[in-house]
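Residues 1 to 521 in the numbering used here are what the sequence shown spells out, letter by letter.
Calculated from the structure, these hints are not laboratory results.
From the three backbone atoms N, C-alpha and C, an ideal C-beta is built for every residue, glycine too.
Errors might be hidden in some of the hints.
Straight line, CA to CA, 25 Å or less: simulated DSS-like cross-link-like pairs of lysine-lysine [unchecked claim]:
no. : residue 1 : residue 2
1   : K221      : K269
2   : K450      : K461
3   : K335      : K221
Label pairs and their calculated CB-CB ranges [to be verified]:
no. : residue 1 : residue 2 : range
4   : Q353      : D494      : 35 to 45 Å
5   : N388      : T278      : 17 to 27 Å
6   : T490      : P190      : 48 to 58 Å
7   : T192      : L299      : 25 to 35 Å
8   : Q243      : E199      : 52 to 62 Å
9   : S163      : L54       : 46 to 56 Å
10  : I116      : P190      : 52 to 62 Å
11  : L299      : K361      : 47 to 57 Å
12  : D336      : S121      : 33 to 43 Å
13  : D494      : L213      : 54 to 64 Å
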Amino acid sequence: MMNKNLRLFLLIFIGILIISIGIWIASNIILKNKAENFLATRIPPNISATYSDLTLNIFQGTLTFNEVSVVLKNKIDDKVHTQVAVDKFIIEDISYMDYVFQKEIHIEDIKLKSPIIKYYSHMLSPSKDSVRKSPITLYKPVLIDELSIDNATLHIYDGTKDSISLYGKNITVEIDDILVNRETLQKRLPITFSDYEAEGDSIFLKAGPYENLSSGDFFIKKGKGEFNSLSLQTKYSKTRLSQLISKERDHFNLIIPKITLDGINFGFKNRVLFAGSTSMTIEQPNLKIFRDKTVADDLTRKPLYSEMLRTLPFQLTMEKIAIKNAAIAYTEKVKDDNSGGTINFDNLYANIQNASNTYPKGTRTTLDIKSNFMENTSIAVDWDFDVNNTADTFIFKADIGKLSAEKLNKFTVPNLKVMMEGEVEKTYFTISGDHTRSHVDMKMRYDDFKVSVLNKEGNKKNKFLSAIVNIFIKKESDENSEDFREGSATVSRDKTKSIFNYFWLNTRDGLKSILTGNDKN
1 MMNKNLRLFL
11 LIFIGILIIS
21 IGIWIASNII
31 LKNKAENFLA
41 TRIPPNISAT
51 YSDLTLNIFQ
61 GTLTFNEVSV
71 VLKNKIDDKV
81 HTQVAVDKFI
91 IEDISYMDYV
101 FQKEIHIEDI
111 KLKSPIIKYY
121 SHMLSPSKDS
131 VRKSPITLYK
141 PVLIDELSID
151 NATLHIYDGT
161 KDSISLYGKN
171 ITVEIDDILV
181 NRETLQKRLP
191 ITFSDYEAEG
201 DSIFLKAGPY
211 ENLSSGDFFI
221 KKGKGEFNSL
231 SLQTKYSKTR
241 LSQLISKERD
251 HFNLIIPKIT
261 LDGINFGFKN
271 RVLFAGSTSM
281 TIEQPNLKIF
291 RDKTVADDLT
301 RKPLYSEMLR
311 TLPFQLTMEK
321 IAIKNAAIAY
331 TEKVKDDNSG
341 GTINFDNLYA
351 NIQNASNTYP
361 KGTRTTLDIK
371 SNFMENTSIA
381 VDWDFDVNNT
391 ADTFIFKADI
401 GKLSAEKLNK
411 FTVPNLKVMM
421 EGEVEKTYFT
431 ISGDHTRSHV
441 DMKMRYDDFK
451 VSVLNKEGNK
461 KNKFLSAIVN
471 IFIKKESDEN
481 SEDFREGSAT
491 VSRDKTKSIF
501 NYFWLNTRDG
511 LKSILTGNDK
521 N
């Protein structure tokens, strides 16, 4: 009797097992057929997708597309603008129960192995449809626990002579908890997700017609990012750049060993991009700028930094930016007969707060800067402005330590044909202004200050002109070494020049007021 019951139980169990296996096999085959049908019928005609073969692992519930090729064309002229080649496209553990009972497509993992992506931006012709349409027809929402892209290579071309505008190598990306449905497909970013991480060996970006930006290895994980070996460089030599341009343009060489970011945040709100970070640290940047003033001036209007931030085409929120141990060398060539004069800043540290265009009116962007100027002169700067103030009002305060006038000769002799002697013990000045006018108050303590005007070649003193100039210069700030001479001036901005030219005009006129004893109010 026991044996008969046991045999019946085993028969029922085996029957259920066979039926379950059959259902499992059938469901996977159905899913395979649906995947093939989706590619055949649900992709729009301007997108073509092919693959060498499709394999199904019944027990793992895994679909593997081998040697996948996807081509995207314009709807209006059939020109190809995007090509994607993938070694393997793997879909793991598709939940048939969710598909049947939850009316959704739930996938545990999607893997793209060694994709090569080529995008030809100059070939893209956007659709003229007034109503935004989804690129694919989706009847059920798709949930993906994890999407991973391994060892990707990205090329973006713009159709110019040096046509690569962006190149990325050995890029790996992982995105968690992805949701795609009819609503998300209508948005600028057509998915939602909970977390992401990315890393890569290198990125190259054409920053403009004359500059390239590149980065070595990088990673982004859990809202933190690190980029190593960054550079922004003019791709031509100084001489060649001057030959190519019709209006003056700075020659750049910026090297940054490392940038770190915390609290990275980005996305779209009402179809407008927003991006930001709670803090950014820029380690040991080294910037060399060369300007050839023998090239014609660029007379286009130059906005101040507050206007630049205010008019960005996206929302930027950088709460804190720290610059550590920077070095800056600015060389200006005024005459053809020399290589120009240079001023230097080193050991520069800066803390910048609220570099943003999203804060309410009244919130001030502040810059606290400390540096050495011309090797051993300390300089401290406090600078602030309100991005929302359309008059671009600002306050710029500087505290400058002991400065040997001879140090400035590296710049003034080749460019101004002026040689200075003496020592400035201490200088304070405050510039307050807007995008049109400013006022400078300056005080200085100095000793035995002299100016020599040089000949055209810059190798010999013009005694007559030097004597006349020194008649108008107060040689000492006061007989009492503790006293300061004070001066002030009002300056009109040349809007074809940068903010630093604006500061220079204020500094120059403040110095004139002090050295000649004439206030310009």
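Report task. If any of the earlier hints don't hold here, list their numbers in rising order. Result -> 3, 4, 7, 8, 9, 10, 11, 13
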